[in-house]
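Q: Below are the chains, spelled out letter by letter.
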Amino acid sequence: MEKKEKNDETEMSEEKNGVIIRVTGPVIEAEGMAGSRMYESVRVGIDGLIGEIIILEGDRATIQVYEETVGVTPGEPVVRTFLPLSVELGPGLVGTMYDGIQRPLQEILKKTGDMIERGSSAPALDRTKRYMFYPLTKAGDMVREGDRIGCVRESVSVNHYILVPPGVTGTLQSIAKKGEYVITDTIAVLDTGNEKKNLTMIQRWPVRDPRPVLERLDPIEPLMTGQRIIDTLFPLARGGTAAIPGPFGSGKTVVQQQLAKWVNADIIVYIGCGERGNEMADVLEQFPTLKDPRTGHSLSSRMVLIANTSNMPVAAREASVYTGITIAEYYRDMGYHVALMADSTSRWAEAMREISGRLEEMPGEEGYPAYLSSRLADFYERAGRVSLIGSGGHEGSISVIGAVSPPGGDFSEPVTQNTLRIVKVFWALDADLAYQRHFPAINWLMSYSLYSKTAGIWWEEHIGPDFIRMKQEMMEILQRENELEEIIRLVGPETLPESDRLLLLKAEIIRESYLMQYAFDEYDTFTGPEKQYRMLKAIFKFFEQAEHAIDTGIQVSELRGLPLIESFARMGTSSPEEEETLFNSIERNSETIRNMRAGL
Amino acid sequence: MTDLKFRTYTGVSKVVGPLMVLDGVEGIGYGEIAEITLPGGEVRIGQVLETTTTRAMVQVFRGTRDLDTELTQVRFRGEPMKISLSSDMLGRTFDGSARPIDGGGPVIPECIRDIYGAPVNPSAREHPRDSIQTGISSIDGMNTLVRGQKLPIFSGAGLPHNLLASQIARQAKVTGQAEKFAVVFAAMGITYEESAFFIREFEESGALERAVLFLNLADDPAIERTITPRLALTTAEFLAFDKGMHVLVVLTDITNYCEALREIAAAREEVPGRRGYPGYIYTDLASLFERAGRIRGREGSITQIPILTMPDDDITHPVPDLTGYITEGQIVLSRDLHMKGIYPPVDVLPCLSRLMQGGIGTGRTRADHAEVKNQLYSAYAKGIRLKSLVAVMGEEGLTTLDKLYIRFCERFENDFIRQASYEDRSFDDTLNLAWNLLSLLPMSELKRISTEFISKYYRGEEKA
Ligand SMILES: Nc1ncnc2c1ncn2[C@@H]1O[C@H](COP(=O)(O)OP(=O)(O)OP(=O)(O)O)[C@@H](O)[C@H]1O
Ligand SMILES: [Mg+2]
Numbered sequence: 224m225e226k227k228e229k230n231d232e233t234e235m236s237e238e239k240n241g242v243i244i245r246v247t248g249p250v251i252e253a254e255g256m257a258g259s260r261m262y263e264s265v266r267v268g269i270d271g272l273i274g275e276i277i278i279l280e281g282d283r284a285t286i287q288v289y290e291e292t293v294g295v296t297p298g299e300p301v302v303r304t305f306l307p308l309s310v311e312l313g314p315g316l317v318g319t320m321y322d323g324i325q326r327p328l329q330e331i332l333k334k335t336g337d338m339i340e341r342g343s344s345a346p347a348l349d350r351t352k353r354y355m356f357y358p359l360t361k362a363g364d365m366v367r368e369g370d371r372i373g374c375v376r377e378s379v380s381v382n383h384y385i386l387v388p389p390g391v392t393g394t395l396q397s398i399a400k401k402g403e404y405v406i407t408d409t410i411a412v413l414d415t416g417n418e419k420k421n422l423t424m425i426q427r428w429p430v431r432d433p434r435p436v437l438e439r440l441d442p443i444e445p446l447m448t449g450q451r452i453i454d455t456l457f458p459l460a461r462g463g464t465a466a467i468p469g470p471f472g473s474g475k476t477v478v479q480q481q482l483a484k485w486v487n488a489d490i491i492v493y494i495g496c497g498e499r500g501n502e503m504a505d506v507l508e509q510f511p512t513l514k515d516p517r518t519g520h521s522l523s524s525r526m527v528l529i530a531n532t533s534n535m536p537v538a539a540r541e542a543s544v545y546t547g548i549t550i551a552e553y554y555r556d557m558g559y560h561v562a563l564m565a566d567s568t569s570r571w572a573e574a575m576r577e578i579s580g581r582l583e584e585m586p587g588e589e590g591y592p593a594y595l596s597s598r599l600a601d602f603y604e605r606a607g608r609v610s611l612i613g614s615g616g617h618e619g620s621i622s623v624i625g626a627v628s629p630p631g632g633d634f635s636e637p638v639t640q641n642t643l644r645i646v647k648v649f650w651a652l653d654a655d656l657a658y659q660r661h662f663p664a665i666n667w668l669m670s671y672s673l674y675s676k677t678a679g680i681w682w683e684e685h686i687g688p689d690f691i692r693m694k695q696e697m698m699e700i701l702q703r704e705n706e707l708e709e710i711i712r713l714v715g716p717e718t719l720p721e722s723d724r725l726l727l728l729k730a731e732i733i734r735e736s737y738l739m740q741y742a743f744d745e746y747d748t749f750t751g752p753e754k755q756y757r758m759l760k761a762i763f764k765f766f767e768q769a770e771h772a773i774d775t776g777i778q779v780s781e782l783r784g785l786p787l788i789e790s791f792a793r794m795g796t797s798s799p800e801e802e803e804t805l806f807n808s809i810e811r812n813s814e815t816i817r818n819m820r821a822g823l
Numbered sequence: 486m487t488d489l490k491f492r493t494y495t496g497v498s499k500v501v502g503p504l505m506v507l508d509g510v511e512g513i514g515y516g517e518i519a520e521i522t523l524p525g526g527e528v529r530i531g532q533v534l535e536t537t538t539t540r541a542m543v544q545v546f547r548g549t550r551d552l553d554t555e556l557t558q559v560r561f562r563g564e565p566m567k568i569s570l571s572s573d574m575l576g577r578t579f580d581g582s583a584r585p586i587d588g589g590g591p592v593i594p595e596c597i598r599d600i601y602g603a604p605v606n607p608s609a610r611e612h613p614r615d616s617i618q619t620g621i622s623s624i625d626g627m628n629t630l631v632r633g634q635k636l637p638i639f640s641g642a643g644l645p646h647n648l649l650a651s652q653i654a655r656q657a658k659v660t661g662q663a664e665k666f667a668v669v670f671a672a673m674g675i676t677y678e679e680s681a682f683f684i685r686e687f688e689e690s691g692a693l694e695r696a697v698l699f700l701n702l703a704d705d706p707a708i709e710r711t712i713t714p715r716l717a718l719t720t721a722e723f724l725a726f727d728k729g730m731h732v733l734v735v736l737t738d739i740t741n742y743c744e745a746l747r748e749i750a751a752a753r754e755e756v757p758g759r760r761g762y763p764g765y766i767y768t769d770l771a772s773l774f775e776r777a778g779r780i781r782g783r784e785g786s787i788t789q790i791p792i793l794t795m796p797d798d799d800i801t802h803p804v805p806d807l808t809g810y811i812t813e814g815q816i817v818l819s820r821d822l823h824m825k826g827i828y829p830p831v832d833v834l835p836c837l838s839r840l841m842q843g844g845i846g847t848g849r850t851r852a853d854h855a856e857v858k859n860q861l862y863s864a865y866a867k868g869i870r871l872k873s874l875v876a877v878m879g880e881e882g883l884t885t886l887d888k889l890y891i892r893f894c895e896r897f898e899n900d901f902i903r904q905a906s907y908e909d910r911s912f913d914d915t916l917n918l919a920w921n922l923l924s925l926l927p928m929s930e931l932k933r934i935s936t937e938f939i940s941k942y943y944r945g946e947e948k949a
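In the order they appear, the protein sequences are chains U and B. When the first sequence is numbered by the working numbering, its final residue is 823 and no position is left out of the sequence of numbers. When the second sequence is numbered by the working numbering, its final residue is 949 and no position is left out of the sequence of numbers.
Keep in mind that the hints were calculated from the coordinates and are not lab data. Be careful, since some hints might not be right.
Keeping only pairs whose Cα atoms sit at most 35 Å apart, straight-line, the calculated DSBU-like set for lysine-lysine is [to be verified]:
| no. | chain 1 | residue 1 | chain 2 | residue 2 |
| --- | --- | --- | --- | --- |
| 1 | B | K941 | U | K764 |
| 2 | U | K676 | U | K764 |
| 3 | B | K888 | U | K760 |
| 4 | B | K658 | U | K333 |
| 5 | B | K888 | U | K764 |
| 6 | B | K658 | U | K754 |
| 7 | B | K658 | U | K694 |
| 8 | B | K665 | U | K333 |
| 9 | U | K514 | B | K941 |
| 10 | U | K760 | B | K728 |
| 11 | U | K514 | B | K932 |
| 12 | U | K764 | B | K867 |
| 13 | U | K694 | B | K872 |
| 14 | U | K764 | B | K932 |
| 15 | B | K941 | U | K754 |
| 16 | U | K694 | U | K647 |
| 17 | B | K867 | U | K694 |
| 18 | U | K764 | B | K665 |
| 19 | U | K334 | B | K867 |
| 20 | U | K333 | B | K728 |
| 21 | B | K941 | U | K760 |
| 22 | B | K932 | U | K694 |
This structure is a prediction, so every number in the text was calculated from the model and none was measured.
Using the sequences and the accompanying hints, generate a full structural model.
A: Below is the structure:
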């Protein structure tokens, strides 16, 4: 460990330790800590548990401990590290599963067995793996922070650029030749004017600080997810933020995992924050076997997993979100589009509340600390489309999708409310839809996206000219359906005119054949924009013909009985080979409605 | 921990609710166990909840009644709460602190383990996939249980959750596998009668000799309930992962467990969260429920069936709510169905089995299972919606199709959900029954089922 780096003051003695004076769950107090810094990382007790200073008062420090504190005893030492809680950044992140403070879980498994024993540790990045390094610069080049000096192939899907760390600028004295290196090898020597700096493939970055960017830009492109209700009605943008609140079992995790699988981003950071161990095991088993529809490579070759499950230490759960977003920023700085899923941000907020409770802080709403809203805002602020600090005018983005788990499914609670003030997309999950197994259970009347307009322009430019019209009409039909249902509840269905009955049929087709999408079906799981458009066209063509038919006196009940209606429900699950035939037959059959005659 | 093991102190400075505070102590570790000797000689066990340089706060599991401040002796053991484990525990009954109450001698330990355990490394877990046939259609057909799952029963006062849990325990099997199975039963604050019911059921089905019982009954100390399930789960882990058994753990009643936590929080004057429950209750419950599962490379498994009674039948109450957020689904019982005389009164709509997907289908149950389940759900939901319409304005105005749905809905409750408490239906029976009912509806309504299965199983409108 590189103790006492440049930024340390002079009077500090070598081993300045504190002494524990109080232990209560994940929070301890120590004295003799004068000179420590806020958020400094420390080692607690004789087992050297990892902790972080969260309050300083005189020479007393309050420390949150990232491991189980059973057995920790007043009188034991607290050792300072003089560094803030940081993550290691470099090749080897992709394909790895970490806990909330970036301990590599697969490595820990090899070392200590099936249970995570206290005090286990392993380096976050593999120091023995050799990577083929390709220099992108030469000796004598002026380079500045964020510049790409070289590149290694981290996985089949990821070219990992080696960047000049933020805050460093100078002339390259030397750069390694193309060849195999381990990540701790010096691959470049940089003359900054004051000193010669050896650069390796590893950087460290304090997790609570955003990495610098040149400029923040507006999101302009939709982030395609292959999920029809999202892409068509409530789109996300590259560099955008979305929240997905819903009661237990309404489908937050399935939606997050669907996005992790199918979103058109280069890098996925998936944070399992205080959720189930089996869900993480599922991701770990499933993703390597799935193929990215764009590259054909395994999905895990572009993914970093952070798993701090509900039974793992709560302070590390608090840190997991920061660990994840810092890793996301690092890949963004290479010019990638990163998508980050945090499941669930409520568990993160609860971790804050739990720690805050132990500190006996003044509680805010529902016991959450008063800083809940600013912490949430700071986190989502780290999303965005940005231009990068390095030369070359590169761009990168981080899109953040946070699950929210409101107690009792009540959206008026503080975490949901504070999140909604920040994010631009709201996918409201609805228990009633989930009960009927209408999935994704995204309520179309409550949800919204502030990226609709930008996305609409993109669709019309790239996919089809009448997208916006169809989408609007779709929303109108769904809203009207809701009104009609009100009426039916009051006066019964018999008074409805045929035109309203047709509207109900239309809404039903939209709901059951378009919005509903079965995540576990081989084909339904993902619908690309072209197919989405094709489905919309097929549906709207039928709507048009059906209106004609009704005008000529055909009854809606006759239309309902048509085999055609059923075939709409098969559009999503059809394979690429079947698609053509299915769409053609739907079109043909829609045509024939025109020729139906009343009463037949 | 320090060398100052076995430190003994006489006198405590404060006793409040289930807690006591000692001053003038030294080197007490967080979470360590204290042996408390009362003036009358009785010994109780406690655990350190907070420790400072000179003071320790201890929670006393069997309550603080009869403690005094002068003569009470406290000896700190210098280690956390542990339990002695052995295969000979099968067939034995213990109290809520793991002391034998069946007249048998103490357990001769094969090993001694910390009851809090350490979290399973998520990368060591194996995703559970072996479906269990419980013989109950509403579970097997629509919310299949798999080995290694945690699937609670959400019930209400007076509903037959015990009958259902014991039927599951009796009938549960994985088809085609001969197995070493065991039942671990942890009672937390249930009545003597309820516990006697379970014991009798286990006895009759022959499960008793393969069961380990931990009983904290209604008149036992409430605080002890915070360790009873951990003793049970540590035993279950031993049987599953050391001895390769498939262990079914029944934990009842989680609501009583949460109340005990609330009581401790109140005594510590902690800031209360929703409805007075402490803010860390999610984390605490997770530390129980996450101890279900399978581990790669090990034979056994732990399947948990926690039972909880929803106060006021309210599913948004913190106990069911937090449980639902941690477990892998839930079986919800309904007072309405119970009043209609339907057993088991499973309200399938809010039920869920999150692990069902991986446990069903070709080679596991039957290829049509997933689609049949989806179709049953959508048809039943539609039927229920129409029935609520009918309740307001009668049947006129309903179309023929609507009426078919209502008929479906009734048959579904009466033929599919309802079954006898000793009726053991196979997966095939359940799915065939489902097709009988789906055949009441026109083929064009079966939008969630592919044509392949329709032509194989659908028996036409006229048949039904
Ligand atoms: N798109 C979908 N297609 C099919 N099934 C789905 C879909 N979304 C959700 N489900 C079903 O709903 C179940 C619950 O979903 P999920 O686990 O995502 O809920 P959740 O909102 O994350 O719940 P919790 O808050 O308790 O974690 C899944 O196990 C699955 O059976
Ligand atoms: Mg979830």
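Q: All hints are to be evaluated individually against the structure, with a verdict given for each.
A: Status of each hint after checking the structure:
Using a Cα cut-off of 35 Å, the hinted pair K941(B) and K764(U) holds, with the two alpha carbons roughly 32 Å apart. A distance of roughly 24 Å separates the Cα atoms of K676(U) and K764(U); the hinted pair therefore holds under the 35 Å criterion. Our distance criterion of 35 Å between C-alpha atoms is met by K888(B) and K760(U), whose separation comes to about 33 Å. About 33 Å separates the Cα atoms of K658(B) and K333(U), which keeps this hinted pair within 35 Å; it holds.
Between the alpha carbons of K888(B) and K764(U) the distance comes to roughly 31 Å, so the proposed pair stays at or under 35 Å and holds. Taking the CA atoms of K658(B) and K754(U), the gap is about 44 Å. The hint is violated against a cut of 35 Å. Simply put, K658(B) and K694(U) have alpha-carbon atoms about 50 Å apart, too far for the 35 Å limit, and the pair is violated. Note on K665(B) and K333(U): the hinted pairing holds, with a Cα-Cα distance of about 28 Å set against a maximum of 35 Å.
Distance restraint check for K514(U) and K941(B): the Cα-Cα separation of roughly 32 Å lies within the 35 Å cut-off, and the hinted pair is therefore satisfied. Note on K760(U) and K728(B): the hinted pairing is violated, with a Cα-Cα distance of about 60 Å set against a maximum of 35 Å. About 29 Å separates the Cα atoms of K514(U) and K932(B), which keeps this hinted pair within 35 Å; it holds. Simply put, K764(U) and K867(B) have alpha-carbon atoms about 27 Å apart, close enough for the 35 Å limit, and the pair holds.
The suggested pairing of K694(U) with K872(B) holds, with an alpha-carbon distance near 33 Å, which does not exceed 35 Å. Distance check on the hinted pair: K764(U) and K932(B) sit about 20 Å apart at the alpha-carbon level, within 35 Å; holds. Between K941(B) and K754(U) the CA atoms are separated by roughly 30 Å; this keeps the pair inside 35 Å, and the hint holds. Proximity of K694(U) to K647(U) is assessed by CA-CA distance (about 19 Å); at most 35 Å being required, the pair is judged to hold.
For the hint linking K867(B) to K694(U), the alpha-carbon distance of about 27 Å falls within 35 Å, and the restraint holds. For a cut-off of 35 Å, the pair hint linking K764(U) to K665(B) is broken: about 60 Å separates their Cα positions. Taking the CA atoms of K334(U) and K867(B), the gap is near 54 Å; set against the 35 Å cutoff, the hint is violated. Among the hinted pairs, K333(U) with K728(B) is consistent with the structure: their alpha-carbon atoms are about 22 Å apart, no more than 35 Å.
In summary, the hint linking K941(B) to K760(U) is supported, as the alpha carbons are separated by about 32 Å, within the 35 Å threshold. For the hint linking K932(B) to K694(U), the alpha-carbon distance of about 24 Å falls within 35 Å, and the restraint holds.
Of the hints listed earlier, those the structure fails to meet are numbers 6, 7, 10, 18 and 19, in rising order.
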